[in-house]
Every structure is written in structure tokens, then in C-alpha cells.
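Asks: In case you want the letters, here they are:
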Amino acid sequence: RKEVEQDPGPFNVPEGATVAFNCTYSNSASQSFFWYRQDCRKEPKLLMSVYSSGNEDGRFTAQLNRASQYISLLIRDSKLSDSATYLCVVNSPHSGTASKLTFGTGTRLQVTL
Amino acid sequence: EAGVTQFPSHSVIEKGQTVTLRCDPISGHDNLYWYRRVMGKEIKFLLHFVKESKQDESGMPNNRFLAERTGGTYSTLKVQPAELEDSGVYFCASSQDKFGDWTRLYQETQYFGPGTRLLVL
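One line per chain: the protein sequences are A and B, in this order. Mapped onto our numbering, the consecutive letters of the first sequence carry residue numbers 21 to 133. Mapped onto our numbering, the consecutive letters of the second sequence carry residue numbers 113 to 233.
Derived from the structure by calculation, the hints contain no laboratory data. Check before you lean on any hint, since a few could be wrong.
[Said to hold, decoys possible] Computed from the model, here is a short list of chain B residues facing chain A with C-beta under 7 Å:
1) 154
2) 221
3) 224
4) 227
Each residue gets a CB set at the ideal place from its N, CA and C atoms; glycine is no exception.
Chain B with its partners taken away, still in its complex shape (with noise of 0.2 Å):
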């Protein structure tokens, strides 16, 4: 089964312009999520897709990141303009819900991609 997979692997762009980067889940995830680690720092949570619909946006840094996933499938990170304190490794992973005991709906392990190597200089 084909896992977590990010496009670019690496990007590298002047501080102005615009990039996009691509994610796509496991098959038959509903769960996506968007991560960033920075230089030096831990890895923190973006945003939380379940299908379509933002599930929670919380951690997008400002409103030069826009973050869709038309269709549900796989999604899109859009950072325009670009400032060079958005240069860090940026993961998707997925999840899938599953019924525990008594029901109770619960997430299952979230699975990284690769990661995309993003500097702005």
C-alpha cells in the first residue's frame, strides 16, 4: 500500500513569491493533516482536514498560508508571498477513523509523508 506522499521534495524560492505544495494521503484516509517544523524548533501542528472541510486551522502562522483539499483527496499548502521565516520542512501525514469499544469513535495512528524541504532566501 502506497503511504504518505509530498511533492516537491525540496523547493527552493525568493522571498515575494508564491509555492504550493502538494500532499497525498493513504487511500481511504479521511484525516489530513499539515505540520511545519523550523529550524531548531519541534515539529507543530498546522491544520486538520476531515474530507473537504477544515477541521481546525488553529495553527496556520497568518493569512499568507491557504490551505484547500477540493474533492477531499489529496490537498494543497499555498504560501504567497513567501517571507523567509516560512522556510522549514513542511509534513502531511493522514489517519483514518475506526469504531472502538462501545462505539466510540476514535483516530488510528497518523502516517507522515516525506516532507517538503521549503527555503526562501
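Just chain A, same shape as in the assembly (with noise of 0.2 Å):
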């Protein structure tokens, strides 16, 4: 089994639309939670951090259910210039304060006109 399973898509959405990603992880030892974005032939960059409380960035909502080790990231009116793959990420510590980012196989959102 993975340690951070995401369906991999691609998720296909028109212009304007509400699309939701989800994610598990498997290491309950797991501390910090993030959304990646990476387009095509790029580096993956941070969207956003995900605390338990939920938060929101503009039309990015990320929740995080330590319980059910559960991740979400909801886009809201998407846009075009949001089509990408969006990579789950967790940081597992393994000593002290040295820490190792685990991924997931990313999920592909293509949105359309």
C-alpha cells in the first residue's frame, strides 16, 4: 500500500465548475499535510498547507481529518490557468527536526472552455 494514495484522474471540468480532490495517507506519525501544484515539465510548488481547522486561500479550500487520515482540497470557479496536477504531500519527521516530504501519484485537473 502507498503512503499517500490520491486517485490519479484526470478529472475533465468546464470553466466556472467546483472540483474536489481527496487524498489518504497511511503514517498516523504524519505532521505537517500539503497541496502541491506542478504543470507539465515543471518543479512542484506549494499551493497551500493544510491544517486540521481547514483553511481556505482565495477559491482553495483544504481540510485535513487526522482521525480518518483523510486530506481534501476543494477548487471553487475554477479557471483554465488551473489545469495541472495537484500532488498530495506529507511530511513525515524521522529525527529531531529533520523531515522528508512523502507524495502521492498526483491528480491531473484539466479544465475546459
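Take the two lone chains, each set in its own frame, and fit them into one complex as the hints suggest.
Replies: Structural data, given as C-alpha cells:
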């Protein structure tokens, strides 16, 4: 079983639609959670961190359920420019402050006219 | 402020040859990470430096891979001899430590470089 599981998609949605991505993680010791965005042939870039209380950044809302080890990302009013791969990422400390990121395979989003 | 840079952007080599990848982290970032994405798979952790010391190298595939960070600035990742399965995109990331609430030390966001695309023929 993978440490971070995501539906690979693709999700094809029209402009203006609302789309939700889900992710589950297996390491209960994980401490930090993120959504990264990766455009084709580019590096991953941090979209937002995910907190237990839920957090919102413009059209993007992220939620974390520690009990279920489940993370979600909601995108409202989708734009063409939102087309990308969305990576669910978990930070699992291994010693002291040292940590490493564990990535899901990513969910591909294609927003169309 | 300059971001994480990596060199070369692409490398095509034959099986058995040696390749050295370089990463320059963001200035002042003590933490430097190497990750790799092979085709069809997720990005996977290779190793973590804190300054010049290897903090965790549990993700290194085998002893054909050697990472160094002399002086605690830039890092190199050498693959010798390269095999076909080493093909992929090698990302470098950096972050800095900071003190948060109640002086707990934690790491900030990891910023990624553009990656080196390695193809072994």
C-alpha cells in the first residue's frame, strides 16, 4: 500500500465548475500536510498547507481529518489556469527536526472552455 | 531572491557512464533534499542534508549513488555507473529551520528546483 494515495484522474471540468480532490495517508505519525501544484515538465510548487481546522486561500479550500487520515482540496470557480497536477504531500519527521516529504502520484486536472 | 537552481537541465548518457547533477539551494537554507521521479511513479525522497551533514539517506537506491555537500552550500549527486532504471527527473529542494511557538524548532516550506531530466540509454 502506498503511503499517500490519490485518485490519478484526469478530472476534466468546465470553467467555473467546483472540483474536489481527496487523498489518504497511512503514517499516523505524519505531522504536516500540503497540496503542491505541478505544471507539465515543471517543479512542484506549494499551493497551500493543510491544517486540522481547515483553511482557505481564495478559491482553494483544504481540509484535514486526522482521525480518518484524509486530506481534501476544493477548488471553486475553476479557471483554465488551474489545469495542472495536484500533489498531496505529507511531511513525516524521522529524527529531531529532520523530515522528508512523501508524495502521492498526483491528480491531473484539466479545465476546459 | 534566487530560487533553487539545478544543473544540467537535461542529461542523456549511455548505460555504464557517470553523471553528476548539481543543486544550488536558496541562500541561507541549511536543509537540502534530493528527490527523484521515475516515469509513472510518484516523487520519492532520496536524501537530506543539514548543512554539510547527511541527516537521512534512507531513500538512496544503492551504492551507485553518491551525494555530497562540501562546505554546506551546493550539493552534487553522482550516479556511477548509470543504469537504465536511473532515468527520471531528479529534483532538489531546500528549506530553512526556524523557531516557532514555545521555541520549538521546525522546518519551513521546501522549495523545489526545476529538476534535471536524466535519460540513460
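Asks: Each hint should be assessed against the structure and marked as holding or not.
Replies: Going down the list of hints, with the structure as the test:
1. 154: holds (4 Å)
2. 221: Status holds, d = 5 Å.
3. 224: OK, holds: residue 224 of chain B within 7 Å of chain A, min 4 Å.
4. 227: holds (6 Å)
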